[in-house]
Amino acid sequence: MIIHIAAGKSIRSDGSSIPSRSANSYNTGMTKREVVRLALEHRTPPYVPWNCGFTQEAHARLVRHYGTSALDDRIHNHILTFGSSGEVFEPIGRGRVRDTFGVVWNRSVDKDIGIIEGCVLPSPSLRGFQFPDPRVPDVYTGISERIRAAPDRFRVFAVGFSLYERAWTLRGMENLYMDFLDHPGFVRELFETIADYNLGQIEEALKYDMDAVYFGDDWGQQHGLQMGPELWRSHIRPVLKRMYGAVRAAGKYVMIHSCGDVDEVFDDLVELGVNCFNPFQPEVMDVFALMRQYHGRLAFHGGLSTQRTLPYGSPDDVRRATRALLSAGRDGGYIFAPAHAVEGDVPLENMLAFIEELQQQPYAPR
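FYI, this note's numbering numbers position 211 of the sequence shown as 211, with every residue one higher than the one before it.
For the record, the hints were derived by calculation from the structure and aren't laboratory data. Here the structure is a predicted model, which means the values were calculated and not measured. Every residue gets a Cβ at the ideal spot worked out from N, C-alpha and C, and that includes glycine. Check the hints yourself; a few may be wrong.
With a straight-line cut-off of 25 angstroms between C-alpha atoms, the simulated BS3-like cross-links for lysine-lysine are [to be verified]:
#, residue 1, residue 2
1, 241, 207
2, 252, 207
3, 241, 252
What follows is a list of derived Cβ distance ranges for each label pair [unchecked claim]:
#, residue 1, residue 2, range
4, 41, 149, 18 to 28 angstroms
5, 249, 118, 17 to 27 angstroms
6, 66, 149, 13 to 23 angstroms
7, 311, 95, 20 to 30 angstroms
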C-alpha cells in the first residue's frame with residue numbers, strides 16, 4: 001500500500017478544522033472501482049465507498065456552491081451509471097414527456113419523475129400493443145466515451161421500472177392489483193414480456209465492460225410490501241429469478257433498488273442472486289441490525305435518512321448519522337448514500353456535512 005501525504009489544512013463548511021490525520025490526502029493505489037468491488041464482496045475496503053444522488057434542485061444548489069457542473073467528480077462518487085434507467089423521454093409540451101412505452105408523465109410539478117396521465121393498456125391484454133426496441137441506440141450512445149473519461153469508477157447499467165413498476169405504469173396501479181386476482185394469466189404474460197425487453201437491453205449493454213446491472217422496482221410502502229408477500233412470491237419472484245440469473249450467469253453483480261419496507265423478502269433476494277440492495281431506508285427498517293444479519297450475504301447501498309435527518313436535522317446530526325454508518329460498514333458489505341436522491345428541501349449545510357465526512361475518511365479520495 002502506497003500512502004502519499006500532502007501538506008495543507010482542510011476546513012469544514014462550518015469553519016472548523018478537520019483533524020490532521022483526515023486533512024492529509026491518501027492514495028492507496030486502488031481505484032474507486034476496486035474499492036466498490038471489495039465492499040460488494042464483503043471484504044474490508046481501505047475506506048467505505050459512496051455514491052450519492054440528488055434531485056434537480058439539490059443538485060443545482062451543490063453546483064452553485066462548488067462552482068462546477070461536474071458534481072460526480074467534485075464529490076468523488078464511485079459509480080458510473082449508464083442507461084438512463086433504460087428510458088428515452090420525448091418532450092410533448094406543457095411540462096409533459098412521453099417515455100419509450102408511450103406513457104405520458106406530467107413533470108410540471110415533480111420535475112424528477114412526474115405523475116402518469118392516462119392508461120396505455122386500458123384492458124388486460126397486450127393485443128395491439130408493440131413493445132419498443134430494447135436496443136434503441138440513444139440508450140447506449142456515449143458509453144465507451146464515458147468509460148474512457150472515468151476509467152476508475154465502478155460501471156453500472158441501470159434498468160429502471162424493471163418489472164412491477166413498468167407493469168403498473170402501463171396498466172394503471174389499481175387495474176394491475178385487480179389483474180393479480182382476476183387475470184393472473186395476463187399478469188404473467190405482461191411480466192414475462194417486460195423481462196424479455198429488459199434482457200434485450202442487458203444483452204446490448206453487456207457488450208461494454210460493465211460491472212453490474214441495477215434493477216429499479218419499488219415494491220414497498222412505509223409498512224410492508226404493496227402487493228403482500230404471497231403475490232410477490234407467486235408473480236414477481238419467478239421473473240426476477242430469470243432476469244437476475246442472466247446477469248449472474250454473465251459474471252456481473254446484481255444491484256437492485258426497491259423503496260419502502262421490503263426486508264421480509266431479503267432472504268428471497270439472496271437466493272435470487274442479488275449482491276446489493278438500495279435504498280436501505282432507516283425510517284422503515286433497522287439498518288444496523290440488517291447489516292449485521294446479512295453481512296457476507298447481501299451488501300447495502302444507502303442508509304442515511306432522507307425523511308428525517310437530512311431535511312430536519314442539524315449538520316451535527318447529519319455528521320453523527322454518517323459516522324455511525326461508516327463505522328458499521330468499515331468491514332465491507334456497504335456503500336454509503338442517502339436513502340434516496342437528496343431532495344431540494346435539504347439545507348446546503350447538511351449536504352456538505354455528509355460529503356465532508358465521507359471525504360475525510362483515511363485513504364478516501366478528496
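Each hint tested on the structure:
no.: 1; hint: 241 to 207; in the structure: holds (22 angstroms)
no.: 2; hint: 252 to 207; in the structure: holds (12 angstroms)
no.: 3; hint: 241 to 252; in the structure: holds (15 angstroms)
no.: 4; hint: 41 to 149: 18 to 28 angstroms; in the structure: holds (26 angstroms)
no.: 5; hint: 249 to 118: 17 to 27 angstroms; in the structure: violated (38 angstroms)
no.: 6; hint: 66 to 149: 13 to 23 angstroms; in the structure: holds (19 angstroms)
no.: 7; hint: 311 to 95: 20 to 30 angstroms; in the structure: holds (25 angstroms)
Comparing the model with each numbered hint stated earlier shows that hint 5 is the single one that does not hold.
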